[in-house]
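Single-letter residue listing:
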Amino acid sequence: MYTLTGLKLKNPTILAAGILGTTGASLCRVAHEGGAGAVVTKSIGPIPKTGHPNPSMVKLDCGFLNAMGLPNPSYPSFFQELEIAKKDSGVPVIASIFGGSPAEFKEVAKGLLPAKPDAFELNVSCPHAEGYGAAVGSNPCLVEAITAAVKDIVSVPVWVKLTPNVSDITCIGNAAEAGGADAVVAINTLKGMAIDIESGYPVLGNRSGGLSGKAVKPVAVKCVYDLYTALEIPVIGVGGVSSWQDAIEMMMAGAAVVQVGSAVYDRLDVFSEISTGIEAFLQRKGYSDVKELIGLAHEMV
Amino acid sequence: MLPLNATIVQINEESPAVRTFFFDFQFETMKPGQFVMVWVRGVDEVPMGLSSKNSITVQKVGEATSKLFELKEGDSFGLRGPFGNGFSLPSEGEKTLVIAGGVGAAPLAPYAEAARSVGSEVHTVLGARSAGDLLFEKRFAEAGEVYISTDDGSKGTKGFVTDVLNSLNLSVYDRIAVCGPEIMISSVFRLLKERQVLEKSEFSLQRYFKCGIGVCGACCIDKSGLRVCRDGPVFSGVQLLDSELGKYARDASGRRVKI
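Residue numbers (the numbering used here), protein chains in the order written: chain A, 1 to 301; chain B, 1 to 259.
Errors might be hidden in some of the hints.
Unchecked claim - Taking lysine-lysine pairs in the DSS-like style, the calculated list, with each CA pair at most 27 Å apart, reads:
hint: 1; chain 1: A; residue 1: K285; chain 2: A; residue 2: K10
hint: 2; chain 1: B; residue 1: K223; chain 2: A; residue 2: K10
hint: 3; chain 1: A; residue 1: K59; chain 2: B; residue 2: K53
hint: 4; chain 1: B; residue 1: K223; chain 2: A; residue 2: K86
hint: 5; chain 1: B; residue 1: K60; chain 2: A; residue 2: K86
hint: 6; chain 1: B; residue 1: K258; chain 2: A; residue 2: K59
hint: 7; chain 1: A; residue 1: K116; chain 2: B; residue 2: K223
hint: 8; chain 1: A; residue 1: K87; chain 2: B; residue 2: K258
hint: 9; chain 1: B; residue 1: K53; chain 2: A; residue 2: K86
hint: 10; chain 1: A; residue 1: K87; chain 2: B; residue 2: K53
hint: 11; chain 1: B; residue 1: K67; chain 2: A; residue 2: K87
I should point out that these hints are in silico values taken from the structure, not numbers from a laboratory.
The structure presented is a predicted model; accordingly, all values stated were derived computationally and were not measured.
Take these sequences, add in the hints, and give me the full structure.
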């Protein structure tokens with residue numbers, strides 16, 4: 001049993017935001033069939049959004065490029081999906097929310113509260129939505145204000161998901177901590193782009209988007225490593241984790257648990273596979289507790 | 001995969017609102033029922049069932065398809081795929097019933113042909129609004145017997161495909177493949193359930209696709225949480241029991257919309 005910001009998780013793998021999280025039924029499936037220790041919903045905002053035109057996600061040799069554009073039905077319509085996930089998933093359900101200001105974040109959190117999410121994850125890191133996500137998440141003052149605004153009205157844990165598209169992620173991490181965050185989640189996608197050379201058109205409907213998957217793992221490991229040093233609160237590692245080895249590496253950098261996103265492309269039960277792999281690794285190495293792994297790399301100078 | 005560049009080599013006018021676009025390469029591994037993401041550059045990317053290894057058959061319904069209809073031979077679009085699961089093929093000697101409504105005939109024409117080529121006896125119930133809207137009648141006829149229904153009675157039985165199905169003995173078929181508008185397939189679903197032949201059936205479903213590759217979850221159906229783009233678009237009738245089929249779907253924002 002893993003405890004993270006007071007939540008009890010059966011295993012240290014969590015479904016990342018924006019992946020298979022549009023419906024309650026799908027979140028339940030990831031928990032049951034996939035074996036995730038907790039699930040994070042699609043990011044939900046104050047008004048319905050259809051997102052960017054397609055193509056919104058393409059697979060590259062080194063990872064995935066996406067620009068979904070925060071499509072979501074808004075909090076009043078998502079409420080019933082959250083209730084389904086809470087009722088039937090059997091794991092902690094974290095509501096990912098976004099807004100353009102502290103007031104909007106507050107409005108969405110307040111709207112979803114009665115469905116009893118186990119925690120909130122504040123999306124201040126989506127790299128391709130004008131006025132939202134990284135547009136607010138690269139400003140430390142705004143990150144602190146948003147975190148404080150949500151903390152002010154909820155009693156469940158608040159996680160803040162950080163963008164790596166800044167010169168110093170620890171500065172944003174510190175702001176989240178100062179605002180009262182219970183944990184930070186690092187990282188969201190890295191800005192990226194692909195161009196179709198036959199036509200010259202950028203491939204994504206939004207022209208550019210965010211890179212996830214294998215290619216971003218070293219970036220995520222470095223961000224987690226730095227945040228672990230800079231912050232008191234736990235760091236949740238995400239970015240290119242697709243195997244138990246990746247998860248162990250992320251934990252040695254300082255991640256308390258990991259989130260898994262794009263890797264569901266290969267197999268839905270990637271969560272079970274990773275958590276079983278971690279258990280076997282702990283046994284083989286003679287660790288009595290996963291805590292012995294977390295931040296281990298910092299001691300190896 | 002990045003989209004392949006597909007050059008249009010031929011355009012067939014199937015009906016006033018439906019055209020088949022043949023392109024310059026073949027999806028050799030295509031299974032009937034699989035789809036491709038068609039990228040009309042600068043506009044949108046939409047899923048389309050393959051009507052053969054090198055063609056898509058498109059109904060003009062929205063912005064992307066309207067733009068597609070402006071393209072001429074020699075023009076190109078982007079293509080990714082083939083994606084998803086197709087219809088399962090019968091074995092030699094098995095009897096196959098194909099139920100196609102409107103542009104739903106597109107992925108079923110290659111299925112009827114493939115079923116015939118492995119030695120299955122193929123019967124098709126082909127429905128459309130009127131005689132001029134019937135798709136691939138010749139292809140289905142070459143694969144086996146065809147029963148026609150039109151809403152206005154301009155050809156075949158006046159009414160819906162279910163009116164034809166009512167007069168057929170469904171227990172003789174080993175496989176039943178269904179594709180068409182959701183209103184139609186949900187009535188067929190109910191009928192097959194009543195006649196206790198659901199376990200032999202497969203349905204192709206349409207939902208709003210965002211990523212198209214099984215990651216985002218925009219097309220997940222209730223209550224199973226199955227992804228239409230990846231776990232479908234073809235589902236067995238049994239998988240759709242107690243599902244949202246015929247009741248509601250989700251729009252691009254994820255909101256439930258009544259069918």
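Each hint, compared with the structure:
1. Restraint check: the Cα-Cα separation between A:K285 and A:K10 comes to about 21 Å, which is no more than 27 Å; the hinted pair holds.
2. Between B:K223 and A:K10 the alpha-carbon distance is near 24 Å, which keeps this suggested pair within the 27 Å criterion.
3. Proximity of A:K59 to B:K53 is assessed by CA-CA distance (about 23 Å); at most 27 Å being required, the pair is judged to hold.
4. Note on B:K223 and A:K86: the hinted pairing holds, with a Cα-Cα distance of about 14 Å set against a maximum of 27 Å.
5. Note on B:K60 and A:K86: the hinted pairing is violated, with a Cα-Cα distance of about 41 Å set against a maximum of 27 Å.
6. As the CA atoms of B:K258 and A:K59 are separated by approximately 33 Å, the hinted pair breaks the 27 Å bound.
7. Annotation: proposed proximity of A:K116 to B:K223 holds, straight-line Cα distance about 21 Å (limit 27 Å).
8. Annotation: proposed proximity of A:K87 to B:K258 holds, straight-line Cα distance about 24 Å (limit 27 Å).
9. For the hint linking B:K53 to A:K86, the alpha-carbon distance of about 44 Å lies beyond 27 Å, and the restraint is violated.
10. For the proposed pair A:K87 and B:K53, the alpha carbon gap of about 45 Å is over 27 Å, so the pair is violated.
11. For the hint pairing B:K67 with A:K87, the CA-to-CA distance comes to about 44 Å; that exceeds 27 Å, so the pair is violated.
Hints 5, 6, 9, 10, 11 from the list above are not met by this structure, while the remaining hints are.
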